Amino acid sequence: MIATIVRRSFANRKKAAALMIASITFGTAIASSLIVISMEIGGRVSRELRAFGANILVEPEIEGMADLSGQRRYLRYEDIVRAKTIFWRHNIVGIAPFLETDAEITSNGKSEKVGLIGSWYYKELPLPGETGTFPVGIKTVSPWWSLSGKWSDSADNIVIGSSIASEFSVKPGDRIDVDGTPLKISGTLDSGGIEDRQIFMDLESLQRLKGAGGKISKVLVSALTAPMDTFAYRDPASMSKAEYEKWYCTGYVTSIAKQIEDVFKGSKARPIWQVAGTEGKVLKRLKVLVYLLCLMTLAASTLGVSTTMIMGLVQRKEEIGLMKALGAGSEKIALIFVTEGIMIGLAGGLFGYLLSVGASQYIGTKVFGIALEQRAMLLPMTMAGAACVSIAGTVLPIKKAMEVRSAVILKGEQ
Amino acid sequence: MGSADEFIKLRCVSKEYATASALRGIDMVVEKGQWVSVVGPSGSGKSTLLNIMSGLDNPTSGQVVIDSTDITAMKEDEMARFRREKIGFVFQQSHLIPYLNAVENVMLAQYFHSIADEREAADSLERVGMGHRIDHKPSQLSGGEQQRICIARALINSPQILLADEPTGNLDRENTRKILELLNRLYSERQFTIILVTHDPFVAQWGRRTITMEDGKIIRDEYR
Ligand SMILES: Nc1ncnc2c1ncn2[C@@H]1O[C@H](COP(=O)(O)OP(=O)(O)OP(=O)(O)O)[C@@H](O)[C@H]1O
Ligand SMILES: [Mg+2]
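Residue numbers (this note's numbering), protein chains in the order written: chain A, 1 to 414; chain B, 1 to 224.
The shape of chain B in the complex, shown without the other chains:
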């Protein structure tokens, strides 16, 4: 176990694309159990930051240390193992496998982690209020319902970190609030670390800390 107050640590992380610099020397530390909101204008590098923290993308330079492990040095398969052990994901678009039903989509994450357990998967859907929809395909569900399944899937393997990229981007205020209440409830039950990207101030206020990005840099870091 790494020290709790340097659970996630980025040192001078940059990401250059051929046509743009997405991140320019990001330094940041996240404590274990923190709920951090990341805000900023479109194109400021929020998604890139999240992808690098999860190892889905490699930084051009700099170092990412999670739970005392330098993930920038990892090979792809090691990274995949690290990801399934430690990280849960919720994407802006609810990325679900279209031909699998709700419970099977959750079981998929279990299967990649260890073994699929239908009972447990169904229970997790119950907890996000989707118990009555377990055999529906994603196309038969509303955006808010799909997003709830994504949350159930992200948390099914009890990750220490939840990375959410605009999880409520497509939802109306009412559904956004329901999702955040759900997240908040699960967060207080399990005390995982949340890093949540959003451009919506209403969403950002649910975290205790807000990091503001602009042009690939952190320009503000505030606690409430």
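The following block holds chain A by itself, in its conformation from the complex:
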């Protein structure tokens, strides 16, 4: 019966019904486009922010007397690929291993003791246990470092930092003495940091040169992380099993660091907070902004439904008065409005979803140059959300309808 009432009532005031459906349609279209875009863009922003550098530093753990004895500790070369076996392996977008040693360079009668670092610039390693490769090297953790010339490919050539290059007035192609051996300069590196005062050699070549086969002294990791919340700052040692599970399975920079630490034997991995913090903050703000926009749009839709219904009440006063006179309880009157709200919401949600598929696709390609992945899962969510928004719009009209006094309306006279 209720469905008949609502259906016939809508058919009787098509314009108002269309207006309300349109209001919900546009609201949900905008809100769900925003959400689709923000899901995609959130990931991209995160990736782009990764340009600010690595967010996890892995170093050998120094414990007890080892430090005092002055004996250096190293990480194992073979553990590098194991970083790609952790739970959050897909979030690891860059890994760069380093072997840090010293050397004296001499050129044109000048000499200086500098850091001689073994690393890779960019290469791909085979994925452990899977087909395919993953990128490693300085480029993957510090993409803004610029290399002119080529990276060192043997113990015969090196890359030098840009400020050394200008100080010693050398350029790619020249030779420079390193610990008394003349080596060819294959390229110069400009990082804007202390690296400009270091010299670099291919990792394996340096290991052989220094008799440090299979050893590395630190690893920088660049990982996509979830924003840190209060839960993330808790000490995992104090967590219950369930909490620890949750912490471990959320992509916090701390939990990813912990997982990396577990795969590097004898290591200590810690977040580099500056980078990790900025990224989480920016993403959080972006999310807040999107939520606010969605909320405002949906509030506008609610208001649209609400005002249209209240305006319609002027004409419907008589029928509501009549229903009350026939003994309709407030719940049955309210049910009529709620059912109208649900029908409007479902229709508006469906149209809104279809519209948002088009809109977000257009915005995605035009503004961001990417094809957005459409999630069919969003359809029921959009429709349910739209129904809620629309039902919220019926609250005020229901209140108004309750105030209708049948006696005044049904008096024989008018």
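Fair warning: there could be bad hints in the mix.
To be verified - DSSO-like cross-link-like pairs, simulated, lysine-lysine; straight-line CA separation at most 27 Å:
#1 B/Lys137 - A/Lys332
#2 B/Lys75 - A/Lys14
#3 A/Lys184 - A/Lys110
#4 A/Lys317 - B/Lys75
#5 A/Lys317 - B/Lys9
#6 A/Lys215 - A/Lys113
#7 A/Lys246 - A/Lys84
#8 A/Lys210 - A/Lys123
#9 A/Lys139 - A/Lys210
#10 B/Lys75 - A/Lys332
#11 A/Lys317 - A/Lys84
#12 A/Lys218 - A/Lys287
#13 A/Lys139 - A/Lys184
#14 A/Lys400 - B/Lys217
#15 B/Lys137 - A/Lys15
#16 A/Lys15 - A/Lys110
#17 A/Lys400 - A/Lys317
#18 B/Lys217 - A/Lys399
Said to hold, decoys possible - Derived list of chain B stretches under chain A, where covered just means 3 residues or more per stretch with a C-beta under 8 Å from a C-beta of chain A:
#19 67–80
#20 111–125
#21 134–143
Hint data in this document are derived by calculation from the structure and do not stem from the laboratory.
Nothing here was measured: the structure is a model prediction, and the numbers come from that model.
Virtual Cβ for every residue (Gly too), placed ideally from N, Cα, C.
Since the structure of chain A is provided, determine the placement of chain B with the ligands on it from the hints.
Here is chain B with the ligands on its own, set in the frame of chain A:
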């Protein structure tokens, strides 16, 4: 069950509007199964009296007791329940929902009462001679036909009381007679209580008792 001879009882009921006194201390008792006609000049308070008896309107003072229940003390939702259980209404203008057809208008009263039953609703239309018009909208029906649908609707939930406010006000003599014959037939079948407001002496004579109002008061109460 209240006592049959004090089925509806009004005690000193008054209704004041800001600009007028519609009822001034009405005392009256209606027995179960009575057919009472209420007559009087325009503005004498007849509709107000009916609205107060049905709980659609509240008296300014006084008490209305129906079937031993004081309805003046009821909250709005209790009143709505009481109304749908006990009272059927026929208004002067045939108030029907314009976008529902004849049978749906009757079903609406069933729905508010309990559950809609299309068969039963169609049967009731058959009984008021409207069986051939069940899927017509009110705008496609004559005044007399609309009023018959209102009668079917008023009686569909088998109320104990039928309140009718000038049910034939808009009809010609021929249609008025048909409606009253119909009412009379249903009345003798079911023995509900009828309170019927009219200013037409022809209509008033169908009841066994006639109450005459003037200026918010009962000035005459006669049996035939
Ligand atoms: N809402 C209202 N506000 C103010 N005065 C009202 C209101 N409703 C009715 N009245 C007044 O109360 C008095 C009784 O009105 P009521 O409608 O009961 O008369 P009635 O006997 O039914 O008249 P009619 O035969 O014309 O239908 C009238 O004087 C009317 O003007
Ligand atoms: Mg009247």
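Indices of hints not satisfied (ascending):
2, 5, 11, 12, 14, 16, 18, 21
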